[in-house]
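J.: So you can see what is in the structure, the chains are spelled out below.
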Amino acid sequence: MTLSVVLFAVLSILAIASALVTITSKHPIRSAMGLVFHFFMLAGLYLTLSAQFIAALQVLVYAGAIMVLVIFVIMLLNLGDEEKLKYKVNPRQVIGIFLGAALLVMLGTIYVTNVSVAGFNKEIAANIGTAQFLGNELYTKYIFPVEAIGILLTAAIVGAIVLAKRKLN
Amino acid sequence: MPEIIWTIIEASIKALAVVGGIQLMAALNVYLERKISAFAQNRIGPNRVGPFGTLQPFADVFKLFLKEDIVPKNADKFFHSLAPVLSLSIAIAVWAVIPFSSYVDIGDRRIYMGIAPDINVGLLFILAMTSVGVYGITLAGWSSNNKYSLLGGLRSSAQMISYELSMGLSLIGIVLITGSLSLNDIVNHQLAWDGWRWNIFLQPVGFVIFLITAFAETNRAPFDLPEAEPELVGGFNTEYSGMKFGMFFLAEYANMTTSSVLIVLFYLGGWALPVPAETLGLKDGSIALAAAHFLVFFIKVLMLLFFFIWVRWSIPRFRYDQLMNLGWKILLPISLLNVLLTALGVLYLK
Amino acid sequence: MIETYVPLIVMLVVGFGVGFLFMLLSEWLGARRTTDGKQTTYESGMIPRGTARDRFSIKFYMVAMSFIVFDIEVVFMYPWAVQLGTLGMTAFWTMFVFVLILFVGYFYEYKKGGFEWD
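Protein chains in written order, with my numbering: chain A, 1 to 169; chain B, 1 to 350; chain C, 1 to 118.
The hints are simulated quantities; they were obtained by calculation from the structure and are not laboratory data.
It should be emphasised that the depicted structure is a prediction, and the values quoted were computed from it without experimental measurement.
Mixed in with the good hints there might be a few duds.
As a list, the in silico PhoX-like pairs of lysine-lysine whose alpha-carbon atoms are at most 20 Å apart [said to hold, decoys possible]: (1) K112(C) / K329(B); (2) K38(C) / K63(B); (3) K67(B) / K77(B); (4) K112(C) / K165(A); (5) K329(B) / K165(A); (6) K165(A) / K111(C); (7) K67(B) / K38(C); (8) K77(B) / K26(A); (9) K77(B) / K38(C); (10) K38(C) / K73(B); (11) K112(C) / K59(C); (12) K59(C) / K165(A); (13) K59(C) / K111(C); (14) K59(C) / K329(B); (15) K111(C) / K329(B).
Covered stretches of chain C, as calculated for chain A (at least 3 residues, CB under 8 Å) [unchecked claim]: (16) 3–10; (17) 60–70; (18) 74–82; (19) 86–95; (20) 100–114.
C-beta atoms are modelled at their ideal positions from N, C-alpha and C, and glycine is treated no differently.
Chain A on its own, in the form it takes in the complex (with noise of 0.2 Å):
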């Protein structure tokens, strides 16, 4: 049992359960709550997988932006508690049970088959997760991806603009 094995386990644990208290939940604060909860333990796994930049990014763009948002959102709707629906079986739903359990077979098989990914091993392990090793890869081999992202970010606010500009004024 190593360090990263028994961390692994418990902070997978609490994901899931913080995951299930977020679905279930009637409640859609504590909805959203629980939902910070599971990306806290979310950055602990990626610190597990030695990516450490992305971990603190979890914390920092998920829970601390983007769930920011959803809190305000539901203040904005002043929300109640979510009331008991009449239960029908939905295709999305369908759609939605086959495409989890077609995931979780390819994990299965993973897991089973022990995939070796070619090139990778320990000492590249350790560094891939820096914000100098991303800095390297990002602002040489993906220059194009990133400019697009500007312009993906750059829609997002000109969208946001005009769904809300019948409101501002």
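Given the structure of chain A, go ahead and fit chains B and C onto it with the hints provided.
T.: Positioned in the frame of chain A, the structure of chains B and C alone reads:
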């Protein structure tokens, strides 16, 4: 496995010491604030409990613990209790990556004065904790079921996220110069005895922006809109009493200390001594040198704390639209420009 | 790698431990003499009017939305900033274009009055 147990023991001891230190600093801040505000307003200030009233903050805390914990009837009890915990715990947790002196060598074990000051993404951890700190205040405002609390909480969270951007951008300048996100590296980069490598000289604009955003992030005057009494009763903590109110208070003073410490670490040379360590006859890794470093560091922090309090009792509060204008229309473009110019400087002067 | 983060996890546990301890202490030690008057919403002594579960201005939502976008921009700058010395001018121009593209969005929001508060 034994090594990891030693790490945990060392970290636990440091963590408890740091928590104690934060509480003492908060007490010191309360005392200084009351004494200095009294001085500013021609009063005497606390002078009954202990010599010169120095024990006043401790008396305050004991009083708060014994006060009734009132929860409004329509409040969401769970989040009403959770909100102060979040505020205080996050204010404490930031200290995981903050160093406060160099290191001490005991035997062949090098002990850094900080809980984990050398982790690769330390600076991002601080920013992450700052951005998560919004939840305590938002939830406090929302769960109280009081419209003034809600408005105070919302205002304050909108203010904090607005200024966080400029804070992050001003720190990019430092990262550009240092080439690292670890706080120890950032301080070590400034450790020249003549003081001209302090980041304040290389990043004057970044320093001013960081200073302003530090005031906004800690909700201190002139950015103390969440508790604008004339319009909002008491802000997000209107419906709190007893130690739960005290915890918000404690968190505010802990954050004030943290901000001062961060300014010293990022811009004012950290624990850089005014003369070379060799002329003082202090050996690298000795307890005496670490103590000297800590003393220098602590004096700088005290000066900044005084500055925080001085500003609060001198400058009137912003109006909300002025505050948002300053954040979005002035600080954000300036800090972006600062980043690009610093990048050019780094590329051409190296 | 993970070993260097153990102290950080310890600190998080200690920090939240202290927070919960304080919260529980205040609930145990405090006096308990509740009356109906104490439990009503406090509005400076006036009889509370209206409800707190009201809708509020969409501007708060706009601020949060703009924050996400620019926060992601800043996040992209960190890996760039730590490596700029070795990456050189290409990386600088990459970031310059990136900032410029986002500045278009910023300028649009500015002109449309997205940052106005009245």
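J.: Is the coverage entry for the stretch 3–10 of chain C by chain A consistent with the three-residue Cβ rule at 8 Å?
T.: holds (count 4)
J.: Measure nothing beyond the straight line between the CA atoms of K329(B) and K165(A); if it is 20 Å or shorter, mark the hint as holding.
T.: holds, 19 Å
J.: Are K59(C) and K329(B) close enough, with their CA atoms no more than 20 Å apart?
T.: holds, 15 Å
J.: Tell me whether the statement that chain A covers the stretch 74–82 of chain C is true, taking a Cβ distance below 8 Å and needing three residues at minimum.
T.: holds (count 7)
J.: Does K165(A) lie within 20 Å of K59(C) when you go C-alpha to C-alpha?
T.: Holds - the C-alpha atoms of K165(A) and K59(C) are around 10 Å apart, at most 20 Å.
J.: For K112(C) and K59(C), compute the direct alpha-carbon distance and say whether it is at most 20 Å.
T.: The hint holds at about 13 Å.
J.: Please verify whether K67(B) and K77(B) have alpha carbons no more than 20 Å apart.
T.: Holds, at about 18 Å.
J.: Hey, K165(A) versus K111(C), does the alpha-carbon distance stay inside 20 Å?
T.: Cα-Cα ~12 Å, so holds.
J.: Take the C-alpha atoms of K111(C) and K329(B), compute the straight-line distance between them, and say whether it is at most 20 Å.
T.: holds, 11 Å
J.: Does K38(C) pair with K63(B) here, judged by a C-alpha cut-off of 20 Å?
T.: holds, 19 Å
J.: Given the hinted pair K112(C) and K329(B), is their Cα-Cα distance within 20 Å?
T.: Satisfied, since the Cα-Cα distance of roughly 13 Å is no more than 20 Å.
J.: Holds or violated: K112(C) and K165(A), Cα atoms, limit 20 Å.
T.: Given that 20 Å is the threshold and the Cα spacing comes to 8 Å, the pair holds.
In summary, this structure violates none of the numbered hints.
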